[in-house]
Each structure stands twice: as structure tokens, then as C-alpha cells.
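Residue numbers (our numbering), protein chains in the order written: chain A, 1 to 319; chain B, 1001 to 1104.
In case anyone wonders, no lab produced these hints; they're calculated from the structure. Since the model is a prediction, treat every value here as computed from it, not as a measurement. You may find that some hints are simply not true.
What the hints assert, rightly or not - Straight-line C-alpha distance at most 30 Å; calculated DSSO-like pairs for lysine-lysine:
no., chain 1, residue 1, chain 2, residue 2
1, B, K1076, B, K1097
2, A, K119, A, K186
3, B, K1017, B, K1076
4, A, K157, A, K312
5, A, K90, B, K1003
6, A, K167, B, K1017
7, A, K90, A, K199
8, A, K157, B, K1003
9, A, K199, A, K119
10, B, K1075, B, K1017
11, B, K1003, B, K1097
12, B, K1075, B, K1097
13, B, K1004, A, K157
14, A, K167, A, K199
15, A, K119, A, K157
16, A, K281, A, K119
17, A, K199, A, K312
18, B, K1097, B, K1002
19, A, K157, A, K167
20, A, K281, B, K1017
21, A, K281, B, K1002
22, B, K1076, B, K1002
23, A, K157, B, K1076
24, B, K1075, B, K1004
25, A, K167, B, K1003
26, B, K1076, A, K281
27, A, K312, A, K90
What the hints assert, rightly or not - Simulated restraints on C-beta separations:
no., chain 1, residue 1, chain 2, residue 2, range
28, B, T1035, A, A301, 36 to 44 Å
29, B, F1032, A, I204, 50 to 58 Å
30, B, I1084, A, P315, 57 to 65 Å
31, B, A1037, A, I204, 21 to 29 Å
Don't be surprised by glycine CBs; every beta carbon is placed ideally from N, CA and C.
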Amino acid sequence: MELILQNLISPVTLAFALGMIARWVRSDLEIPSAVYQGLSIYLLFAIGLKGGVSLSVTPVRELIAPAALTLVLGVLTPLSAFFFLRSLGKLGRTDAAATAAHYGSVSVVTFIAAIEAVKISGMASNGYLPALLAVLEVPGIIVGLLLARESKGAGMKAAIHDVITGKSIFLMVGGLVIGALCGPEKIAGVAPFFIAPFKGVLCIFLLELGMVAAGRIQDLKAAGFRLILLGCFLPLFHGSIATVCAVAVGMNPGGAAVFGAMVGSASYIAAPAAVRLALPKASPGIYLTLSLGVTFPFNLALGIPLFLYLAKNAPKFLS
Amino acid sequence: MKKKLSLVTIVTEGILKEQFSELLQENGASGFTITRAEGQGSRGVRARDWEGPNLRFEAIVSSAAADQILAAVEKKYFESYSVIAWVSNVEVVRGEKFVGEENV
């Protein structure tokens, strides 16, 4: 309980709530789209750089098990999401596959929020997590699109090209490489710009995200009770399994909690763009509403503290 | 000397930017103008930046090319995407700029 409260009362979560309130009271607050896009470029590049620096000091063999686990979960989560969305959610094949692609992929902002929550709780994390983030982003989308069995070869190829060259993967992997090549000393020169103001920038970004999510919440009625429940269940289910597995392969408790939040999260930047092109018949009213209107706020408020709790206590159960 | 031509206007989700650029060029548009657009319609408010802003394409073409473009848009996009398209009559100078010397 204390973990949950501690997580809720943070500038990051409260900025998100403020954004939602702005929409509800019809404030004229609007983050210009150029500013929002600039901020997202900053955030993605900064995460990449930070991850790259820690990669440069991590021995390769320490990475093998977590990376393999990430790949396996990246393929399994869309399959399980698809199964639940079809059976419990009663969605058609195309809508279920489109939504599964979102749950298979990852939300970068959930990841960052989890990192911050772990920092606040004082637990140790793993520096190489941003590299896993990049690994996790792609396979889920591809599996999701394959599940639809709809896209012809060309549409599929275009969608995969879109995901891999899209700005989120491109900037993050680019940052990782630059960070890894330069190492801690050379990155120290740009740290005042990329590391120190990071959290403040994140707050503004979440303000905007809160406004967009509040707009989506109005679509919840159309989505129906079953889907809303699934939007809470899927992150819990995927995230808990991922947290326990991460502890089992030897990640730090803090790192395992972040990993759980990553795997439990649903993408709402890379996946929607790819899905819109490859599966035009799937309804954005379902997949965007679930990932942004239900799962993201759920993880922010409840998921992350739960994964933290689980990661702290999992070693006891495992041993 | 003014010449009567057709102005094709298409308002679309931003995510289709490349596809519409190609479609216009393939169907005889020598060029086009894109402006960012905002609005609301039968498919509900657009998801803004998550799917890219809406775009408004404008191209001046011959009346035959305009029909061809509208037919292609209707066939490929109306069912699944938020797209509207229309043709209006315009009068231009330098007609050869839009439809080539031989058609003026």
C-alpha cells in the first residue's frame, strides 16, 4: 500500500493526472505538436545514451540470459494477449491481432516511469535495460501482424520496415551505439543536457500524454467492460510472469520490476502506426483506447508498485 | 490566357502521406501541395500525433486525371481510413505547368 502511494505521489504520475484534469475541465492548455515531438526525440535519445554507457561497462555474458528472456517474452506475450482477447474479449481476429501487437510491443514511457519509481524506492536496477527495451519493441508487432493472417507480403514488409526505421527504435538504438562507443567519460560532456533535465522533460511529456489519454477514456464506454478488465489483467499477467522470470535469470530486484513493467506495458507510439498501415480494418478505437486509456494509467498507478513488491519478494519464493 | 482545369483536394490521416504522394504522381499530377489540417468528422476525433496530424493534399490536374485519382482513392481508402476527397473547377494561367505542353 505504501509502495502504491509513494508511486502515485511523484511529479511524473501527478503530471499525467494534471493532463487528464486539463482535458476534463476543458482547459485551453495544449502542448504544440512540434514541442511534443521534440520532447519525444529528446527522451528516446537520452534513454539510448544512458543505456549505451552502461552497456559499455557490462560484460557480454551477463547480457545473454536477459536478452534471450526478452526475445522469448516478446514472442509469447502477443500470443497470450491474442488468446485472451479472442476468448474473453470476444474480439474478431483482426482487432484481436492488432491489439495483441500493442501488448507484445512496449511502452517507452512506462519503462521510464518504472525506472524512476525504482530509483525512488532505493532498489538497485540494471543499467542495460534500455538495450532490452529495443529488443522487446519489434517482435511483438511482427507476431501480432502475422496473427491477423491478413496482410499481404508487401503490406507486411512495409510495416516491418516502418517499425525498425521508425523514430523510436532508430533513436534508441542510435543512442545505445553512441553511448556504448563513447563510454562514461566522453558522455559526461553531454550529461548536463541529457541526464540532469531528463525527469523535468518527462513531466511535460506526461502532461500531454494525460490529455491524450483522457480523450481516449471517453471511448471506453464503446469498448465495453470486458475489454477494460482485460486492459488491466493483461499487464498484470504478463508483468508478473516477466518479473519472476527476470529474478530467476539473475537480474537485480529493481531491474526485474522495471522488466515486468516493460513486458506488461502496451505500445502506443510504434505499434499504432504500424498496425494502422498493415491492418487498416482493425479499429483504433479498440487498440489505442486499451493501450493508452486503460493499460498505461493502470501500470503507472498500480502495475509498477505491484511489480516492485513482487520483485522484492520473489527471491524468497524462488529459494 | 486562362485554362480550365480540375483541382483535386484530399483530406487524409497523416499516416498515409507517402501513399497519397505516390498515388497523385502515378495518376498524372505534376505536383501537389500539402498542408496540415485539423478537424472532426464521422469517424470521430483523430488521434492527433499518435497517428500523425491530418493532411490536406491539393493538386491541379486534367479532368480525366481527376476522375482517375478519385476512383483510385475510392477503391483503396474510403472503407478503412478517414479520408475525404473532392474535385472543384479552377481556372489557371500557365496551364502547361499542370498538364504538359501537348494538352494545352
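Report task. Mind checking the alpha carbons of A/K281 and A/K119 for me, to see if they're no more than 30 Å apart? Result -> violated, 42 Å
**Report entry** 30 Å limit on alpha-carbon distance, applied to hinted pair B/K1075 and B/K1097
**Finding:** holds, 28 Å
Query raised in the report: Is A/K119 within 30 Å of A/K157, Cα to Cα?
Result: Given pair A/K119, A/K157 is violated - Cα atoms ~40 Å apart, limit 30 Å.
Requested in this report: Sort out whether B/K1017 lies within 30 Å of B/K1075, counting only the CA atoms.
Outcome: Distance of about 17 Å is within 30 Å: holds.
**Report entry** Status of the given 57 to 65 Å range, CB of A/P315 versus CB of B/I1084
**Finding:** holds, 58 Å
Query raised in the report: Given the proposed pairing of B/K1076 with A/K281, does the C-alpha separation stay at or below 30 Å?
Result: holds, 12 Å
**Report entry** Given hint A/K90 paired with A/K312 - CA-CA distance at most 30 Å
**Finding:** violated, 36 Å
Report task. Compare the distance between the alpha carbons of A/K199 and A/K312 with 30 Å, and conclude whether the hinted pair is satisfied. Result -> Holds. A/K199 to A/K312 sits at ~25 Å (cutoff 30 Å).
Query raised in the report: Does B/K1017 lie within 30 Å of A/K281 when you go C-alpha to C-alpha?
Result: Answer holds: A/K281 to B/K1017 is near 18 Å, not above 30 Å.
Requested in this report: Below or equal to 30 Å on CA atoms is what counts here, so check B/K1075 against B/K1004.
Outcome: Cα-Cα ~27 Å, so holds.
Query raised in the report: Are B/K1004 and A/K157 close enough, with their CA atoms no more than 30 Å apart?
Result: violated, 42 Å
Query raised in the report: Straight-line Cα separation of A/K90 and B/K1003 no greater than 30 Å?
Result: Roughly 57 Å separates the two Cα atoms, so the pair is violated.
Of the hints listed earlier, those the structure fails to meet are numbers 4, 5, 7, 8, 13, 15, 16, 21, 22, 25, 27, 29, in rising order.
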